[in-house]
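With the hints as extra help, turn the sequences into a complete structure.
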Amino acid sequence: MTAVAARLRPLTGHRLFWPALVLVVMLAANTVYRPGFLAVEVKNGHLYGTPIDILRLSAPLILVALGMTLVIATGGIDLSVGSLCAISGAIACLHISGAADQNSPATVATALALAFGAALVLGAWNGVLVAVMGFEPIIATLILMVAGRGIAQLVTEGQIITINSGPYRAIGLGHFLTLPLAILIALAAALLVAAFTRRTALGLIVESVGGNAEASRLAGIRSRRIVFLVYVISAACAALAGFMVTANVSSADGNAAGLWIELDAILAVVIGGTSLAGGRFSLGGTVLGALIIQTLTTTVYAMNISPQTSLLFKAVVVIAVCLVQAPAFRARLRRRRRGTEPGPAAPQREKEQVPA
Amino acid sequence: MTGNRPVLTMTGISKTFPGVRALHDVDFRLFPGEVHALMGENGAGKSTLIKVLTGVYGTDAGVITLDGEQVSFSGPMQAAAAGVSTVYQEVNLCTNLSVAENVFIGREPRRLGAVRWGEMRRRARDLLARLDLDLDVSAPLGTYSLAVQQMVAIARAIDVQARVLILDEPTSSLDAGEVAQLFRIMRQLRDEGIAILFVTHFLDQVYGIADRITVLRNGTLVGEYRTEELPQFSLVEKMIGQELDVLERLDEQQKRATVDTADEAPLVDADGLGRRGAVAPFSLRIHAGEVVGLAGLLGSGRTEVARLIFGADRADHGQVRLDAGRAPVRNPIQAIGQGVGFCSENRRAEGIVPELTVRENMILAMQAARGWLRPIPRRRQDELVRRYVEALSIRPANPELPVRNLSGGNQQKVLLARWLITEPRLLILDEPTRGIDVGAKAEIQKLVVQLSDGGMAVLFISAELEEVLRLSHRVAVMRDREMVAQLDNDDTLDADRVMRTIASGTTRKEVTR
Ligand SMILES: Nc1ncnc2c1ncn2[C@@H]1O[C@H](COP(=O)(O)OP(=O)(O)OP(=O)(O)O)[C@@H](O)[C@H]1O
Ligand SMILES: [Mg+2]
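Each protein sequence line maps, in turn, to chains Z and W.
Numbering-wise (the working numbering), the first sequence opens with residue 909 and increments by one.
Numbering-wise (the working numbering), the second sequence opens with residue 49 and increments by one.
You may find that some hints are simply not true.
Said to hold, decoys possible - Taking beta-carbon pairs under 8 Å as the criterion, some of the chain Z residues facing chain W (in silico):
1. Leu1022
2. Thr1070
3. Ala1097
4. Thr1108
5. Leu1110
6. Ser1116
7. Glu1122
8. Ala1127
9. Ile1129
10. Arg1132
11. Ser1190
Claimed, not checked - The calculated label-pair distances, taken between Cβ atoms and stated as ranges, are:
12. W:Pro157 <-> Z:Asn1212: 56 to 64 Å
13. W:Ser122 <-> Z:His954: 51 to 59 Å
14. Z:Asn1212 <-> W:Arg427: 56 to 64 Å
As the list claims (entries may be wrong) - Sample of chain Z residues facing chain W (criterion: CB under 10 Å; computed from the structure):
15. Ala1109
16. Leu1112
17. Gly1119
18. Arg1125
19. Gly1187
In case anyone wonders, no lab produced these hints; they're calculated from the structure.
Please read these numbers as outputs of a predicted model, since none were measured by experiment.
Here a beta-carbon is modelled for each residue, glycine too, at the ideal position from N, C-alpha and C.
See the structure below:
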């Protein structure tokens, strides 16, 4: 047992190991419950099946969570992403609904550009509040979280705007190369953010600011600019997610679009192994985290668990995932095992963090 | 005292971190009523041994007994409850809580469950008075200097009714006066029968107070000795594991010849620089190739001077310029842009980014100066890092380890490397040898001499007056947050005269150059 543990250490020590394992276990459990769960078939040249659905439905969450990862890595948090989804979706749908030809690509492109621009401005607002005015991130973004729903309502004038636009619908439901377009958009965004942070020094600087803000300042890092930037990036990601959410249903509902997505996004980031305290972040972990949450949601639906219990069920799974990842908890488990079966045991990890 | 039974024994202790064997089969024992020094180079395993003892880390092997009974603590709280009170190397207090709260956190005086704040403040004041410290105990701890924070941590530790007191480099940022005060209390506690484990890199302190010495090298036990049976040079040899002339090397450095800079334009010109509540306006010029030392007691404003020159704090009086004519320096970014580096004394709060690797920590300042859009090519990073890991003999020599896994002294070297990599024209070193072992200290002092010979200006701050005198061309003396004198370090200047200047204030004439 000890030898196996030692052999597996490089694997189990990998930061993506636990989230990946959880995802695999959940998929396996689903397959046991419903043997056809993992089946994928080709219809009209497109792939269909529950795994594909999970991927497609998780696309907006992945997008929001990517931006959230960077914000959290700087030691902040962005609660306004749900409202930003609603606002960007509302603006895009409003523009399209007012156009003569809702199917014209030009109309859709203008709608997207308008909505995207608005989201960037609102992201900059968050950034200014946090980086320049020095608001606590949770307060600063809470403002837009609450006010943003109002803005979305203003845009839609309290109605649900329904549109009938092929190109816009495609963002949520279209296919490209047999795969749902949404998956490809989310994938592209993930690769873009990864390149943007890891090919430049942005990732390092973000981690440094989140890891020790004062040391970073004294090392000459322009923390304000960096913090400002991550809120803008987060808003941009939220806008894309907003397009997808509204495209899925071809309508913009200022109240419902992107509701509670900020909480799922924060969960996805944490499950993915990025600490809420800031510092090191993992985009791969975040994507896995988003997939775990979506799988969970799908599972809950598939098992016909009532909505009331489903939230509880979700909470239990999330707590379990977080515990499994916590070094303190793992050390305690290991110690308990050691206590009951004496003899040589695997080297113990540190139980508590006291710096050198 | 050897006759009685040890209060604490550690037998066959081993501890391995991934890739690093920190302790291997180490034995250690501690008798009641003794001060026992634990010695070894940076990374020898001293702090790890302490953390294994107090249960911060689990052991891979080995037995610990307290009063003859086998124990295995789950953490510092449990250890403290069993009578083992510890001050860790990195002061680990809450800077946003008050001084009094920090002293009593976790064991506040209570009545019916409610904290008795008045009682707590009164007791905190009494306790600090024992250490000769007069503080506003309701002020946040963060408003006090690192040295004061260290004293508060010590006060907290000695207040617990402990049988074993462990002090891991408690004196690293203290001045002679505080050290003397601390030693007085340590002797008093020792005479009461308390066993004290003491870690330091200051050899004279070891010989001043320790009854017995245990030496570690590379995670293994070299031996246990009675202090009077182990002359200083053999102690050093046992620590570094070879017959080296480190001590001679330390002595061989002669007093620096004063550089003749009278007619040259100064590199740095601080003109009436000051900040209310921190330091009174002062003027200081530093020439290229010159080392200026800052001397003064704890809280005299040395660090504040450094921070103002670097722009870390905003000056509300005067300004500082590099190369007369350029814009004054107002913040760290401008300072770094004009070629200033600042190695802070507080490496945990203001220095390292713990999760980042050694490499990332080293290149941080250089990368910040280039901006995030122009990453330093990986090959260049590796090359720079390799050079400085070697030059400063950083152990373990693995640049991809998170810097928090390094021993305290090695973290300090990483910070030094961060600034050397930027090739500054003025390097401000605030306690750069804090927590660094004898050998490495000599290396760093040599490095400072080399750098200044190569034209770098250095502002050198150290609580150790000898070190300041050995390296500086000129010594600026601080008293009560005021720069009271600037003395040329010629043949007439010695520690005595500096101390007199600090104490008296008669040499008030400002030698502005
Ligand atoms: N948490 C950790 N993870 C991995 N390695 C560690 C950890 N803590 C310490 N080490 C390693 O263990 C060795 C011993 O470190 P330790 O901190 O005990 O040294 P030390 O003797 O206290 O040195 P110093 O005088 O610099 O404080 C070092 O090589 C260090 O890098
Ligand atoms: Mg140490």
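For each hint, the structure was consulted:
1. Leu1022: violated, 28 Å
2. Thr1070: At about 43 Å, which exceeds the 8 Å cut-off, the nearest Cβ of chain W leaves the hint on threonine 1070 (chain Z) violated.
3. Ala1097: With a closest approach of 20 Å, the alanine 1097 (chain Z) hint is violated.
4. Thr1108: holds, 5 Å
5. Leu1110: At about 5 Å, which falls below the 8 Å cut-off, the nearest Cβ of chain W leaves the hint on leucine 1110 (chain Z) intact, so it holds.
6. Ser1116: Since the shortest Cβ distance to chain W is 5 Å, the answer is holds.
7. Glu1122: Nearest chain W Cβ about 5 Å off; hint holds.
8. Ala1127: holds, 4 Å
9. Ile1129: holds, 4 Å
10. Arg1132: Status violated, d = 10 Å.
11. Ser1190: Constraint on serine 1190 (chain Z) not satisfied, violated at 12 Å.
12. W:Pro157 <-> Z:Asn1212: 56 to 64 Å: Because 57 Å falls inside the window, the suggested range holds.
13. W:Ser122 <-> Z:His954: 51 to 59 Å: holds, 57 Å
14. Z:Asn1212 <-> W:Arg427: 56 to 64 Å: Since asparagine 1212 (chain Z) and arginine 427 (chain W) have Cβ atoms about 58 Å apart, the given range 56 to 64 Å holds.
15. Ala1109: It holds, given that the least Cβ distance between alanine 1109 (chain Z) and chain W is near 4 Å, below 10 Å.
16. Leu1112: Because about 6 Å separates leucine 1112 (chain Z) from the closest Cβ in chain W, which is inside the 10 Å limit, the hint holds.
17. Gly1119: The hint holds - glycine 1119 (chain Z) has a Cβ within 10 Å of chain W, the shortest such distance being about 4 Å.
18. Arg1125: Given a least distance of 6 Å, the restraint on arginine 1125 (chain Z) holds.
19. Gly1187: holds, 5 Å
In terms of the numbered hints stated before, the structure departs from hints 1, 2, 3, 10 and 11, listed from lowest to highest.
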